[in-house]
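Visitor: Could you build all of it, start to finish, from the sequences and the hints given here?
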Amino acid sequence: MSNKTTEAGLISSQDLPELAEAGHVAAPTVGNSAQELCEAVQAALAEQWSLMGVINTGKKASDGGKKLADAITDKGKDIEDKATHAEKDARDEAHRKMNADKSKKHGREVGAQGATANAFARALSELRG
Amino acid sequence: MILVMGPVDELLTAFFLKHLTDTKREYLFVDERHLGSQVRLELDLPQGPSGPGRLRGAVRFPTWRVGLEEISGIYSRLGTGNVEQQRTPEVRAEQAHAAALLDLFPGPVANRATAMLSNGSKPCQYAAILAAGLRVPDTLVGGTWERWEPFAKALDGDPVIKSVSDERSLVKQVSWEATRASARPGQPLAPHQFQQRIQGTNIRAHVVGARHVLACRAETQALDYRHPDMTGHTVDLRATELPEPVAEACRRLSRALGVDLAGIDLIEPPGGSSRPEDWVCLEVNTCPGFMWFEQHAGLPIARVLADFLRTSISS
Amino acid sequence: MQNPVRMPHLVLVGPESFPFVRDVLRAEAHRAGLRVVEVSMREWGSSVTPWVEVVGGRFRAGLLGPWGDLELRPEDVFWCIAEGPLPPAESDYLDSEHEALREAFHTCCPARVINRRGLLQPLWTTAMWRMLAQKLPSPEADSVLAPPHFHLGAPPEDGQRWTRWPEEAETSMGQVWWTVPEPGPLRQALVVGSHVSLWPLEFEEEPPMLPPALERDLTRLATACGADVLEVLLVPSGTPDAVARWTALQLGTSIEGLERLLAQEDAVALAQVERFLRERLASREDAR
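Protein chains in written order, with my numbering: chain G, 1 to 129; chain V, 1001 to 1315; chain D, 2001 to 2288.
Hints may be right or wrong, so weigh each one.
[Claimed, not checked] In silico SDA-like links for lysine to any residue, alpha-carbon gap of 25 Å or less:
1. V/1024 / V/1267
2. V/1024 / V/1050
3. V/1153 / D/2237
4. V/1018 / G/39
5. V/1024 / G/46
[Said to hold, decoys possible] To give an idea of the interface, some chain V residues facing chain D are shown, with a C-beta separation under 7 Å as derived from the structure:
6. 1044
7. 1118
8. 1123
9. 1161
10. 1165
11. 1198
12. 1291
[To be verified] From the structure, some residues in chain G lie toward chain D, with a derived Cβ separation under 8 Å:
13. 119
14. 126
15. 127
16. 129
Keep in mind the hints are simulated off the structure, nothing from the lab. Note that CB positions come from ideal geometry on N, CA and C, so glycine has one too.
Guide: Right, here's the structure in full:
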């Protein structure tokens, strides 16, 4: 694991197992303004990079220890595979989740037009009062 | 300001947020885990002439809100990062609202939810790739052994096999004998994608806003340069300039697919060429993980993307 | 010659739900000299599976079925009228692969396709209410067709009447509210190629007239959606003496409205669809 600062830091493919497993930083608090939100985001980012080992802090050893142990054991290869596929995974998940609104994508035609027309007729009655 | 949506501990989200922070850009961040609980989206689309001001609304936090008119562009990594979240009706509703915002926002969006779909079937993209003037590998998807045999015999070497969908697959080269052993006469083949292995150099071109092309060259012996470790090979990424006609074809392709951030996988023919029809396009990543390429090839993708999303810091 | 002249085909997927439309399709195919191949929704993806090939930048595609391997060529016509979910495969991975293959076939099939589906066709990938919001009004200044006023989130408290987007129209996870000012009677427009007709869906003393401006906007809309056959639910709104404006409520790629009209032996609808099919099925000598 490289000990690089975020300023210097390249993240190499050797870092990927940890990076993939680093996903346990809490969502930043939303605060009461954009300024507070940004400060919370920066704190979350600092925590995340430290967990990834990009910033060498004591926190890494305690919080990230389990993940690091996984990465250097025989589970490492599997995790690496997972990490190097992160881009594809991301895309796959994004497709699925973002299109949950679209029933047709899952092989269903849009509902029977007759029923649809009746539903709109009812809705129009409501709008007309 | 730029609206960024995604999990803060997802790599690309964090990387882009860090870039925005370091460069003192103005941004608004919505962590996916807050959608439906602490953050809600409100969108209003009145009747009236089409145009940039038609969509109104706000990103609403418990004690404050930001109007859409303050947002210049959106970067979304929603759906990535394996976020474990209880999918309550409120959460699902807000995710649907976010997808709607991505589709309807009049400014730049990397990327709109529906524009990312083309990647779900590689041959679907081939239609757009060919129309943009680039080549695609000779490919067969589905069919029977009787159709596979003449197709494979016409190829130069053993075919490559990969997923036809965007499901994760490690690209492999398969032997004629292995495929024949698995085929049953008269029965459809498994619906994988068989194609010609293309000789040449892997090039990844990131296209921002169908305008800015940032390319790098991946030198490796590995069949799939994204996974060099798995085959014991190394990969060397270096920034490169595409010949202008090829860059222009990449812009056309991004525009046709409607993606403001595209990761286009190309193969440059041996010896090089400036003719787009000599360059093979393998696929267009519609949710590209550009961090790796930025860090290893020194490409300023995050900066160009942030510029494109029209950030201007006044502080 | 070993190969006799190949008869062009009309391949229909899912015609069994639309027997009256199917009869017209069969008759027009016979008239135009096309051999009809019908694939039921149940067969599509199970006993009939597609393939796609691209060699030298040229697409070929076909169907494997009980008849063997039927390659679809530019002189053939393909219309997937309706399709359902694919039968479950052995794994999620194979499910996705089969789905992707079907999308590939829709996108790449070199036949003349009516209502082409696939991942590059927004009508098949975008929620309908969003299609309305994206495509309407058309940018031209003379447009008379608009989407409803949409609102996402909590229902607005602005004194107007609002209603939820009906689940029957399309399952939506979102809280989609809509309203139309002074809505008139619900009507259905049938866009078939370049021909448009307008039908009442609620009681009206006189059959509705189709204003030229609305006809123009509906054909623009179908073109913008990449649809050859499109059913549009719409209402006029505004007072009678004001300039008539129209609100489109739903876009339908299913042909239930057409089926219903043909079942009622409606001569206008029959003439409309026959005219369209005659244009589409006309043989193309250059494709042989």
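Visitor: Take the shortest C-beta to C-beta distance between residue 127 of chain G and chain D; is it under 8 Å?
Guide: Interface hint status for residue 127 of chain G: holds (5 Å vs cutoff 8 Å).
Visitor: Could you check if residue 126 of chain G really has its C-beta closer than 8 Å to a C-beta on chain D?
Guide: Constraint on residue 126 of chain G satisfied, holds at 5 Å.
Visitor: Mind checking the CB of residue 1198 of chain V against every CB in chain D and telling me if the closest is under 7 Å?
Guide: Violated - the Cβ of residue 1198 of chain V stays beyond 7 Å from chain D, reaching only about 13 Å at its closest.
Visitor: With a cut-off of 25 Å on the C-alpha distance, tell me whether residue 1024 of chain V and residue 1267 of chain V pass.
Guide: Measuring from Cα to Cα gives roughly 37 Å; hence the hint is violated.
Visitor: So, as I understand it, the hint says residue 1123 of chain V touches chain D; can you test that by seeing if any CB pair is closer than 7 Å?
Guide: 4 Å, holds
Visitor: Between the alpha carbons of residue 1153 of chain V and residue 2237 of chain D, is the straight-line distance 25 Å or under?
Guide: Measuring from Cα to Cα gives roughly 64 Å; hence the hint is violated.
Visitor: Restraint: residue 1291 of chain V near chain D, CB-CB cut 7 Å. Satisfied or not?
Guide: 26 Å, violated
Visitor: With a cut-off of 8 Å on the beta carbons, see whether residue 119 of chain G makes it to chain D.
Guide: Status holds, d = 4 Å.
Visitor: Does the alpha-carbon distance linking residue 1024 of chain V and residue 1050 of chain V stay inside the 25 Å limit?
Guide: Not OK: residue 1024 of chain V and residue 1050 of chain V at ~34 Å, beyond 25 Å, violated.
Visitor: Can you verify the interface hint for residue 129 of chain G: is its Cβ closer than 8 Å to any Cβ in chain D?
Guide: 6 Å, holds
Visitor: Would the hint on residue 1161 of chain V stand, with a C-beta cut-off of 7 Å toward chain D?
Guide: Violated: closest Cβ of chain D sits about 11 Å from residue 1161 of chain V, beyond 7 Å.
Visitor: Could you check if residue 1165 of chain V really has its C-beta closer than 7 Å to a C-beta on chain D?
Guide: 3 Å, holds
The structure is inconsistent with the numbered hints 1, 2, 3, 9, 11, 12, although it conforms to all the rest.
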